[in-house]
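Since the structure of chain W is already known, use the hints to place chain C on it.
These are the residues of each chain, in order.
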Amino acid sequence: MGDTTTELSDAELVRGLGAGQVEAMRELYRRYGTLAYSLAVRILGDPGRAEDVVQDSFMRVWTYAGSFDAGRGSLRTWLLTTVRNRAIDYLRGRPGRERRELELGFELPAQGPGSDPWRDVSESLEREALRKALVSLPSDQRQVVELAYFGGYTQREIAGMVQVPLGTVKGRTRLALEKLSSYLQGRGLIDVG
Amino acid sequence: MSVDHEELENSIAAYVLGSADPEDEDRLRAHLEACASCRELAARLAPAVSSLPLEPEPVKPPRRLEDRVVAAAAATRGASDPKPRSIRRVWLPGPPRVRVRFSGLRAGLAAAAVLLFAAGAVAGSSLDRLGAQRPAARPPAAEVQRYQLAGSGPMAGVQANAVYLKRDSLTLVDFKYMPAPAPGQLYELWLITGDGRAVPAGVFSPESDGSKVVLVDRNLEGVKTVAVTAEPAPNGSQAPSQAPQLVGRIA
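Protein chains in written order, with this note's numbering: chain W, 8 to 200; chain C, 316 to 566.
Simulated from the structure, these hints should not be mistaken for lab results.
Check each hint, because a few of them may be wrong.
As the list claims (entries may be wrong) - Across the chosen pairs, the derived CB separations fall in these ranges: (1) W:ARG138 - C:GLN463: 57 to 65 Å; (2) C:SER520 - W:PRO54: 53 to 61 Å; (3) C:PRO377 - W:SER129: 24 to 32 Å; (4) C:PRO498 - W:VAL128: 23 to 31 Å; (5) C:ARG482 - W:ASP127: 46 to 54 Å; (6) W:VAL128 - C:CYS350: 20 to 28 Å; (7) W:GLY167 - C:LYS539: 20 to 28 Å; (8) W:SER146 - C:LYS375: 51 to 59 Å.
As the list claims (entries may be wrong) - Part of the chain C face toward chain W, derived, beta carbon under 8 Å: (9) GLU322; (10) GLU324; (11) ASN325; (12) ALA335; (13) PRO376; (14) GLY537.
By construction, the Cβ of each residue, glycine as well, lies at the ideal position given by its N, Cα and C atoms.
This is chain W alone, in the form it adopts within the complex (with noise of 0.2 Å):
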């Protein structure tokens, strides 16, 4: 595959992988190896746990890249799904998330063909939108965000823990997530079709 690899769409690169291609599991982790890394330091602290975590998400990725269905989302969304899980399982010590790395069907559109460079824009151009929209968050919905998601914390252990009633949790949850989707959509940085 040699240099090739680099203008390979998410859908071209899954077939090398189901494949059995090895250069095509380099080329992946080339693309998200960095973003996979960062997710899993971030959620676990520990550098060495988060080296374990991204090789078991690329090795699942690598194992079921024949059920990866890319008309219903990116490569990437799938990936960083399993490194989250998978990083919280290990932080909360609570495995069984297999089930919905490959159900999500809900996704960001798939990522198309570009070099490395406009990918590396790309994603910054996204990180510093999402930054902002999580900033504009009121307090209480961005920590239910951050506990949820970087932190692997139900809606029930977030209501312990915040000392308010779940279903205000929820209503949290729901109204940071719509302006999120809204602050990112109206970026264009997000479609949600």
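Frame of chain W, contents of chain C only:
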């Protein structure tokens, strides 16, 4: 819209965020299948959740991580039937090389330790936490030591975690992503003492998915290093015939 349905919609948001309570997940999944407006809500919120992994400041991974990932993939290439990890056999290390048969309490301890690996708990989460869910299997925290082995060359992608149940003189080494040994070879586990003596601790071949759990039925007093080499099948060697490519130091 009913109050009940609004509550469900809020729960759907939590589900999309990966934060629903486990006891609610089946109900929410079923509701999503039946309710078009909630599917629409989920589809609207999910892209924002998909952007959240970009929030962390980028951290450059160590160079070895790429090697690990690629080596692990190469190690499993050709596996005819990749399956979720399972523990199918447990081997007794060292001569005589026969299968382990425990009785009584030791059988329970070994089974509990194997269950911990099977649950995926040992590699990263708290042995004590899982033990708390299974009180009968819970070893005292001070009696449990964990070690990691690091690979190089063809073993760069291998994950190997050892748990030493000190009081019971049992060690389990959990291997993942092991490449298949060359024809006519298998892997041999060594316990290397402080004076440099390599004690054979068992031979094994990984499963088709590269996994294996090896049980070492002895204490680790005086052992400074755990290592793995490839040796001739079926009995291995009495001394390592090559430099180990998988090594872990016992602190």
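- Can you name, in rising order, the numbers of the hints this structure does not satisfy? When the structure is compared with the hints, numbers 1, 2, 4, 6, 7, 8, 14 turn out to be violated.
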